[in-house]
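K.L.:
Take a look at the letters that make up each chain.
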Amino acid sequence: MTVNIRIPRTVWDLPREDYFVGGHNLCAGCTAGTIVRNLLKVAGPNTIVVNATGCLEVSTSLFPFTSWKVPWIHIAFENAAAVASGVEAAIKVLKEKGKIDPNKKINIIAIGGDGGTFDIGLQALSGMLERGHNVLYVVYDNEAYMNTGIQRSGATPYKAWTTTTPVGTIMRGEWRDKKDIIGIALAHKVPYIATANPAFLLDMDKKFAKALQIDGPSLIHVLMACTTGWRFDPKLGIKISKLAVETAVWVNLEYNYGKLEVTTPVPKRKHVREYLKLQGRYSHLTEEEINDIQERINRKVEEINRAVGKEVIGPLA
Amino acid sequence: MTQVYKSKSLATLSSNKAVAKAVGQLDVDVIAAYPITPQTTIVEELAQMVANGEVKAQYIHVESEHSALSAVVGASIAGARTFTATSSQGLELMHEILHITSGLRLPVVMAVPTRALSAPISIWNDHSDIMNARDTGWIIYFVSSAQEAYDTVIQAYRLAEDREVLLPTIVSYDGFLMSHTYEPVVIESSEDVIEFSPKTWKGYIEEGAVAIGTLASPDYYYEFKYQQVEAMKNALRKAEIIDRDFYKKFGRKNGLVETYRTEDSEIDLLVTGSIWSSLKLAIDKARSNGLRIGGLRLRLYRPLPIDEIEKILAGKEVLVVIDKAISYGLRVAGPLANEIYTNLQSPVKIKSVVAGIGQRTITNEDLYKVILHVYKNKDSPGFTKHTLFYGVRGVELDS
Numbered sequence: 001m002t003v004n005i006r007i008p009r010t011v012w013d014l015p016r017e018d019y020f021v022g023g024h025n026l027c028a029g030c031t032a033g034t035i036v037r038n039l040l041k042v043a044g045p046n047t048i049v050v051n052a053t054g055c056l057e058v059s060t061s062l063f064p065f066t067s068w069k070v071p072w073i074h075i076a077f078e079n080a081a082a083v084a085s086g087v088e089a090a091i092k093v094l095k096e097k098g099k100i101d102p103n104k105k106i107n108i109i110a111i112g113g114d115g116g117t118f119d120i121g122l123q124a125l126s127g128m129l130e131r132g133h134n135v136l137y138v139v140y141d142n143e144a145y146m147n148t149g150i151q152r153s154g155a156t157p158y159k160a161w162t163t164t165t166p167v168g169t170i171m172r173g174e175w176r177d178k179k180d181i182i183g184i185a186l187a188h189k190v191p192y193i194a195t196a197n198p199a200f201l202l203d204m205d206k207k208f209a210k211a212l213q214i215d216g217p218s219l220i221h222v223l224m225a226c227t228t229g230w231r232f233d234p235k236l237g238i239k240i241s242k243l244a245v246e247t248a249v250w251v252n253l254e255y256n257y258g259k260l261e262v263t264t265p266v267p268k269r270k271h272v273r274e275y276l277k278l279q280g281r282y283s284h285l286t287e288e289e290i291n292d293i294q295e296r297i298n299r300k301v302e303e304i305n306r307a308v309g310k311e312v313i314g315p316l317a
Numbered sequence: 001m002t003q004v005y006k007s008k009s010l011a012t013l014s015s016n017k018a019v020a021k022a023v024g025q026l027d028v029d030v031i032a033a034y035p036i037t038p039q040t041t042i043v044e045e046l047a048q049m050v051a052n053g054e055v056k057a058q059y060i061h062v063e064s065e066h067s068a069l070s071a072v073v074g075a076s077i078a079g080a081r082t083f084t085a086t087s088s089q090g091l092e093l094m095h096e097i098l099h100i101t102s103g104l105r106l107p108v109v110m111a112v113p114t115r116a117l118s119a120p121i122s123i124w125n126d127h128s129d130i131m132n133a134r135d136t137g138w139i140i141y142f143v144s145s146a147q148e149a150y151d152t153v154i155q156a157y158r159l160a161e162d163r164e165v166l167l168p169t170i171v172s173y174d175g176f177l178m179s180h181t182y183e184p185v186v187i188e189s190s191e192d193v194i195e196f197s198p199k200t201w202k203g204y205i206e207e208g209a210v211a212i213g214t215l216a217s218p219d220y221y222y223e224f225k226y227q228q229v230e231a232m233k234n235a236l237r238k239a240e241i242i243d244r245d246f247y248k249k250f251g252r253k254n255g256l257v258e259t260y261r262t263e264d265s266e267i268d269l270l271v272t273g274s275i276w277s278s279l280k281l282a283i284d285k286a287r288s289n290g291l292r293i294g295g296l297r298l299r300l301y302r303p304l305p306i307d308e309i310e311k312i313l314a315g316k317e318v319l320v321v322i323d324k325a326i327s328y329g330l331r332v333a334g335p336l337a338n339e340i341y342t343n344l345q346s347p348v349k350i351k352s353v354v355a356g357i358g359q360r361t362i363t364n365e366d367l368y369k370v371i372l373h374v375y376k377n378k379d380s381p382g383f384t385k386h387t388l389f390y391g392v393r394g395v396e397l398d399s
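Residue numbers (my numbering), protein chains in the order written: chain A, 1 to 317; chain B, 1 to 399.
Source of the hints: derived by calculation from the structure; they are not laboratory data.
Just so it is clear, CB atoms sit at the ideal spot from N, CA and C, and this is done for glycine as well.
Be careful, since some hints might not be right.
[What the hints assert, rightly or not] Pulled from the structure, derived: some chain A residues nowhere near chain B, Cβ distances all over 12 Å:
#: 1; residue: 71
#: 2; residue: 244
#: 3; residue: 260
[Claimed, not checked] Computed cross-link-like contacts, BS3-like style, restricted to lysine-lysine with a CA-CA straight-line distance of at most 30 Å:
#: 4; chain 1: A; residue 1: 69; chain 2: A; residue 2: 178
#: 5; chain 1: B; residue 1: 376; chain 2: A; residue 2: 95
#: 6; chain 1: A; residue 1: 69; chain 2: B; residue 2: 6
#: 7; chain 1: A; residue 1: 178; chain 2: A; residue 2: 310
#: 8; chain 1: B; residue 1: 202; chain 2: A; residue 2: 95
#: 9; chain 1: A; residue 1: 99; chain 2: B; residue 2: 202
#: 10; chain 1: B; residue 1: 56; chain 2: A; residue 2: 99
#: 11; chain 1: B; residue 1: 202; chain 2: A; residue 2: 41
#: 12; chain 1: B; residue 1: 199; chain 2: A; residue 2: 99
#: 13; chain 1: A; residue 1: 97; chain 2: B; residue 2: 6
#: 14; chain 1: B; residue 1: 6; chain 2: A; residue 2: 95
#: 15; chain 1: B; residue 1: 6; chain 2: A; residue 2: 99
#: 16; chain 1: B; residue 1: 202; chain 2: A; residue 2: 69
#: 17; chain 1: A; residue 1: 97; chain 2: B; residue 2: 56
The task is simple: from the sequences and hints, build the whole structure.
P.N.:
If you want it as structure tokens, here you go:
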């Protein structure tokens with residue numbers, strides 16, 4: 001298959017043209033727009049987007065307006081991966097039958113939030129990955145059901161406040177760890193899996209490009225700092241995203257045909273306190289609880305360094 | 001087994017296999033289905049045709065019925081002619097997407113061999129599943145023979161893809177009683193089949209911005225839904241035309257409502273599906289005993305050809321509506337009986353009968369008993385007030 005997706009080496013390699021445009025109703029300071037704008041800059045006009053129900057979907061498609069300058073499909077909450085599978089199968093067979101130019105490369109991208117991917121959409125995602133459809137699935141993870149008003153999802157991190165894991169006299173926010181969606185994708189043995197973060201724009205864009213070059217399923221898990229749900233000043237979205245990596249709360253990595261690489265090494269880590277203190281969802285934490293979170297991160301860092309075979313994430317500064 | 005039929009031929013097929021034959025001749029592009037009894041043999045047959053290269057389609061082995069319909073919805077948007085099939089719990093799992101398919105005006109065609117719903121779990125036939133789909137905006141055929149299943153699938157694609165209709169279409173029939181019983185079926189030449197239902201659907205994907213499945217505010221939503229009301233009216237008109245054209249081309253007329261000995265009948269029975277042949281035997285017996293009984297069978301359930309039913313029932317005294325489903329909590333508990341009752345602008349008395357639930361056997365002798373019961377009691381006060389639950393233990397006919 002002819003591939004016309006280029007991997008950007010600098011931001012200047014990205015086209016000026018936008019296929020996701022302004023005028024939408026995303027919150028001021030929402031980083032979902034940043035992620036998707038870059039995704040479509042990389043993908044270009046020969047792209048079909050399938051969007052699960054969620055913030056991004058409702059905020060960008062209020063009839064008769066659309067922010068999408070490429071064909072965009074929304075069907076329901078739990079089935080973006082299944083719909084994308086159908087689109088991909090149709091394009092394939094219509095190419096075979098000569099109804100669509102067989103040399104035209106058409107990117108099929110499914111986008112879902114954490115709820116639509118980790119929870120309600122997990123079954124359809126598993127099916128899509130396992131069957132090997134040539135679809136890029138991008139999960140923008142804001143760590144709760146933000147569209148319905150900050151309810152806990154399987155992606156909500158340890159100790160975070162949400163409206164359904166509130167801080168009460170007995171309970172202190174979420175008490176379970178975030179679901180390991182990358183581990184789940186890995187178990188499907190798909191060719192390309194990555195995590196990304198809009199504070200590391202070029203890293204994210206390169207990953208989008210790599211995934212679109214691959215003939216087969218891919219999943220990119222993108223951290224999406226949410227001003228409304230995480231309770232921070234709208235101007236801090238990118239700063240907090242950056243801190244997530246600097247504290248190793250989030251690790252930018254990729255699995256290229258199973259081979260792990262940490263794409264943003266962190267020689268000296270910041271204390272997790274720096275990340276937590278900017279967010280209202282963690283404002284209830286005691287010093288003891290913050291140290292508990294730090295210890296969990298330390299253990300995760302050890303695991304990653306062991307998996308890579310060298311110290312890609314350094315000690316606390 | 002070869003798929004290309006150069007000329008008309010005769011085969012012995014179950015309704016499931018007849019459906020698969022038709023789908024195989026209609027140059028379907030994408031098939032997505034999930035196994036469920038009694039539907040499975042349709043998609044097994046289609047999988048074999050794809051494996052043999054007789055059908056040039058993408059076959060998506062989805063992980064659920066919800067994804068089966070979701071996948072064909074995606075494929076249909078992209079311009080594919082699509083097919084799926086399910087029964088019972090599978091249709092229930094699809095329910096959310098049933099509404100979306102019709103709302104997006106996608107000409108998806110689905111076969112539904114009907115089956116009872118859990119709990120308790122039953123793999124056997126009744127109409128509980130299809131009755132739950134009646135307000136989803138799909139065109140619903142209910143056929144009564146394997147031949148009609150074959151013919152109706154061919155008609156369904158032409159109807160669904162008609163520019164004035166653009167609605168998803170279900171071809172349903174009785175699970176097991178039809179899905180797994182074999183009958184002689186005339187198979188038309190593949191060339192004639194595709195000539196009758198040529199692919200006209202191109203999908204919605206165009207260059208540049210096209211947003212499908214957008215958010216509609218209260219300022220817009222209602223008009224979208226009203227257009228579906230209009231599309232259903234068009235579907236009724238077009239279904240008649242297509243059936244007439246089918247007769248001209250292939251010499252078989254199925255009609256939207258079939259009648260039997262209704263010319264001079266006083267009491268008529270309205271049914272859907274395979275019970276029709278048993279009913280005709282019961283009517284013959286009643287006639288030979290001097291009772292003026294007639295029968296009607298609905299082939300098209302949505303849109304409901306109520307004008308035609310009304311014309312047939314002009315001047316009649318009693319209409320017995322036999323439902324194989326229950327609408328719980330209603331005095332008149334047959335869903336079809338309720339619909340006929342509310343839509344019919346005629347003074348005919350309507351007696352609701354529920355029978356065949358979970359495939360409780362109902363023979364021509366049973367139907368004859370129902371006829372006698374109605375004949376004897378039709379004038380007693382309050383007779384039509386309640387549904388007769390025929391065949392359940394503890395309920396005895398008082399005649």
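K.L.:
A separate judgement is required for each hint: does it hold in the structure or not?
P.N.:
Results of checking the hints against the structure:
1. 71: The assertion about residue 71 of chain A is violated, with a minimum of 5 Å to chain B.
2. 244: 30 Å, holds
3. 260: 27 Å, holds
4. A:69 - A:178: At roughly 34 Å apart (the allowed maximum being 30 Å), residue 178 of chain A and residue 69 of chain A break the hint.
5. B:376 - A:95: It is violated: about 66 Å lies between the C-alpha atoms, which goes past 30 Å.
6. A:69 - B:6: 47 Å, violated
7. A:178 - A:310: 25 Å, holds
8. B:202 - A:95: 13 Å, holds
9. A:99 - B:202: 10 Å, holds
10. B:56 - A:99: 13 Å, holds
11. B:202 - A:41: Answer holds: residue 202 of chain B to residue 41 of chain A is near 28 Å, not above 30 Å.
12. B:199 - A:99: With Cα atoms ~12 Å apart, residue 199 of chain B and residue 99 of chain A stay inside 30 Å; holds.
13. A:97 - B:6: 21 Å, holds
14. B:6 - A:95: 27 Å, holds
15. B:6 - A:99: OK: residue 6 of chain B and residue 99 of chain A at ~25 Å, within 30 Å.
16. B:202 - A:69: 20 Å, holds
17. A:97 - B:56: Holds, at roughly 8 Å.
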